[in-house]
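Chemist: Chain by chain, the residues:
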Amino acid sequence: MRYLMTALTTETTPAPDEKLFVEMAAFVEEMTAAGILLATGGLAPQGVRVVSHGDELTVTDGPFTEAREAVAGFALVEVASQEEAIELARRFRRIVGDGESVLQQVFGP
Amino acid sequence: MSGESGARGGKAAAPTPPGAATPPGTEVHTTDVHAAVSAVWRLESARIVAALVRIVRDVGAAEELAQDAMVAALEQWPATGVPNNPAAWLTTIAKRRAVDRIRREQREERKQAELARERDRGEPVQPADEVGEVGDGDAGDESADVLRLLLLTCHPALPPQARIALTLRLLAGLTPDEIARALLLDTTTVTRRIADGKRILAHQRVDFSAAPAAEEVSERIGAALEVVYLVFNEGYAATSGEDLIRPELCLTALRLGRLLARLAPREPEAHALVALMELQASRQAARTGPDGEPVQLHEQNRGRWDPLLIRRGFEAMLRARDLLAGDRPGPPGPYLLQAAIAVCHAQARTDEDTDWTQIAALYQALSHLLPTPVVQLNRAVAVGRAEGPQAGLDLLDSLRLDPTLQDYHLLPSVRADLLQRLGRTTEARSEFRRAAGLTRNDAERAFLLRRAEALSRTEPRGGADAQGGDGSIGRQLGQAADEFLAGTGWGAATRRSYAQTMHRLCAGLGATAPLDEVTADQVARVFRAAWGAAAPATWNRHRATLRSFAAWAGQDALADAVPRRATDAARVAAPTSAPGTLGGGRAPSQAALPREVLRSLLRDPAIPARDRLLWRVLHESGATVTAVLALNVQDVDLPHDRARSGRSFICWRPATTSHVAQLAGGRTSGPLFLSARRPAPARTPADAADLCPQTGRRRLSYERAEYQFKQATRQLDPAGVGFTLRLLRTGR
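One line per chain: the protein sequences are A and B, in this order. Numbering-wise (our numbering), the first sequence opens with residue 6 and increments by one. Numbering-wise (our numbering), the second sequence opens with residue 687 and increments by one.
Calculated from the structure, these hints are not laboratory results. Keep in mind that this is a model prediction, so the values were computed, not measured. Check each hint, because a few of them may be wrong.
[As the list claims (entries may be wrong)] Cβ-to-Cβ under 8 Å is the rule here; a few derived chain A residues that face chain B:
(1) A38
(2) A39
(3) G40
(4) G52
(5) A85
[Unchecked claim] So the derived list for chain B, only partly shown, Cβ under 10 Å to chain A, looks like this:
(6) S724
(7) R728
(8) T766
(9) E934
(10) Q1380
[Stated by the list, open to error] Taking CB as the label site, the calculated pair distances span:
(11) A/D60 <-> B/D863: 27 to 37 Å
(12) B/R1126 <-> A/E16: 54 to 64 Å
(13) B/D1039 <-> A/E16: 51 to 61 Å
Think of the CB as a built atom: it goes at the ideal place given N, C-alpha and C, for glycine as much as any other residue.
Bound conformation, chain A alone (with noise of 0.2 Å):
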């Protein structure tokens, strides 16, 4: 099953610093080869909101959300369990600090 892991900043997050990026690399690179790891990316904070209502479409300049929530990367993981991905949430944790993830089950494709 798949499950898309949505990483949130809160206030208390601490600014990604070198120590950061090396081993979150290697974290990525671990999880790819296993195959666990299918899809990843931090999310730029500005973006387009597109809403539609009836046949209107309205388009908006972001950014839109308040900057302590808002999704700062994702990742799409392939795993046994919801325990499992709950288990990687927690490596990932543990590299980034403070913060919040959210875990929600894919259906499809």
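Fit chain B to the supplied structure of chain A, relying on the hints for placement.
Modeler: Same frame as chain A, but now just chain B:
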């Protein structure tokens, strides 16, 4: 592995020792602890067990220590919460216990030595060296440990089933329960396979101090790849049970395959296997329809193929090809060829776009490396697409004599497809039905029957295609056989024997095959495949039935290609007939045996296990009483839940296998079902094969088996006679 420090926190995140007050890392409910432990275990067991194996130098001991560490986690985590770094916690505990164990063993040895010396000389003993050099094992190369462990669990000295069980247990971190569920076995069987495997491994000489040499890896990796692919296939093409795909098993195999490719990065076949599995797994969602029925490749919705997995498959394929082009030049191996075929499919946007010529060429190359009937079968499919159905059919017909394919459902199913494309609808329909009768998978059986039905709808029964060349309405083989068997004037034994022959003919030719179109050659083919290896008397008995049937049906020529065989006079024994069973006495009741009654009989501890097992096998296999009683211990194929009977198999349900194993006990040959006592000297059987070399008991006779069943069922029979064993097979 470069990712080590990042993934596990390395030395920086030192694990909390057990017993110390650990602040809960996360709010995990105690009920979730079990799941959390097993999740960590699946991700980490390979490394932990591998390190332990290096420390204690014994796979069995390492597994026990690892198990102890898991138990410790299950005991402590509910109170302390899941530690911040659970993997490191488990590793530390396990290694600590390993060191304790070694110290204990060394102390024991010292104590023994001291005692010996004191007794000999009465001198005090110098304290021996401490175990300092054992360390906690961090000095070693972790991936070398895991690779060594993987080569061990796939050791050629192990039977294949033990390799699978041990690999799943030690490298994939599955419990015996989980393995049993995944492979549709019972836990006892799995536990026994693991224990057997560990015992065999204990006797292998293994160098635990150095990383496996490159040549050793190249030599032995084939066995490891095979285990991984077997696991994958068991998940991807579930051979039995209700589900067609067991995704969790596929995931396990994929993980093992990627692990192997990481550990042996210079082996092209390791990458090729990963590519093959990724590409096959990419079709998983499209392979089954809404009701769980299989959807064939050419009908699959390619939009549902998983692009992520396809991309990863291509990447792995490129790595394999790069190795062959550079570092490791050589001809492509079997996994690379199969992966290349999968690539062809993945690259085709529609079924029509598929490069079948290329695929047929790849299968031809593959058939040189893997000259198996199954590869030939696939080649026939590809040739059928590349050069037309007749070319495929020609290739297929050369396979029909292969006894290993006699009961393989894909042969008639592929044939049916080709026949349908040639417009030979009647033959196609009967081949579909034959295939349905042979498959063990419920979803597939339903699917095949539906395809046969669909053909019936387009051309209704008795329509144009059922007519013979001269315009007369053709009769089907199955109908004719039924009418023939319904003939009166035969004793029960004769009818049973006749039914056996006709059943085989119908299974081999398809019950719906028009009788007019059955040829003597086809009949001879069935005879050779079914009874070619049987005793001449058996052959001649079936031949006699065939001749009666042919004469009765007015098609005497049918038996022309089945010659009589010279018999060995010594083997022809006068048939015995015990009073009150088959011969005289009251006729056995023909009333049906209700299912619940049978179930309670099978569980009745007052009845000997041997008899209950016999009834079970008869009931589940539908095989004849004679055939089941004729089984020898060496015919039994526990891993596949079946036993060889002549050229075919008697199959039972997986749950029955452990009972068969119990009955066989430690015996390696002789009859499976034995009488309770040794025979009197005068009743020693003429044929040594009917005597157990270990116990000296003789084969259980039909008469005795029948008697026991009647005794057990007499109370249940309204007529008070008791039921006959044959009800077990027919009352299914």
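Chemist: With reference to the structure, classify each hint as holding or not holding.
Modeler: Here is what the structure says about each hint:
1. Hint status for A/A38: holds, given a least beta-carbon distance of 5 Å to chain B, under 8 Å.
2. Hint status for A/A39 relative to chain B: holds, with the closest Cβ pair at about 6 Å, below 8 Å.
3. Interface hint status for A/G40: upheld, as the beta-carbon distance to the closest one in chain B is roughly 4 Å, under 8 Å.
4. A cut of 8 Å between beta carbons decides the hint on A/G52: the least distance to chain B is about 23 Å, and the hint is violated.
5. Checking A/A85 against chain B by beta carbon gives a least distance of about 6 Å; that is within 8 Å, so the hint holds.
6. The restraint placing B/S724 at the interface with chain A holds, with a minimum CB-CB distance near 7 Å, inside the 10 Å limit.
7. Because the beta carbon of B/R728 sits about 6 Å from the nearest beta carbon in chain A, less than 10 Å, this interface hint is met.
8. At its closest, the beta carbon of B/T766 sits 15 Å from a beta carbon of chain A; the interface hint therefore is violated under the 10 Å criterion.
9. Hint status for B/E934 relative to chain A: holds, with the closest Cβ pair at about 6 Å, below 10 Å.
10. Interface hint status for B/Q1380: violated, as the beta-carbon distance to the closest one in chain A is roughly 45 Å, over 10 Å.
11. With their beta carbons about 57 Å apart, A/D60 and B/D863 fall outside the hinted range of 27 to 37 Å.
12. Checking the proposed 54 to 64 Å range against B/R1126 and A/E16 shows it holds: the Cβ atoms sit about 60 Å from each other.
13. For B/D1039 paired with A/E16, a C-beta distance near 54 Å keeps the hint of 51 to 61 Å intact.
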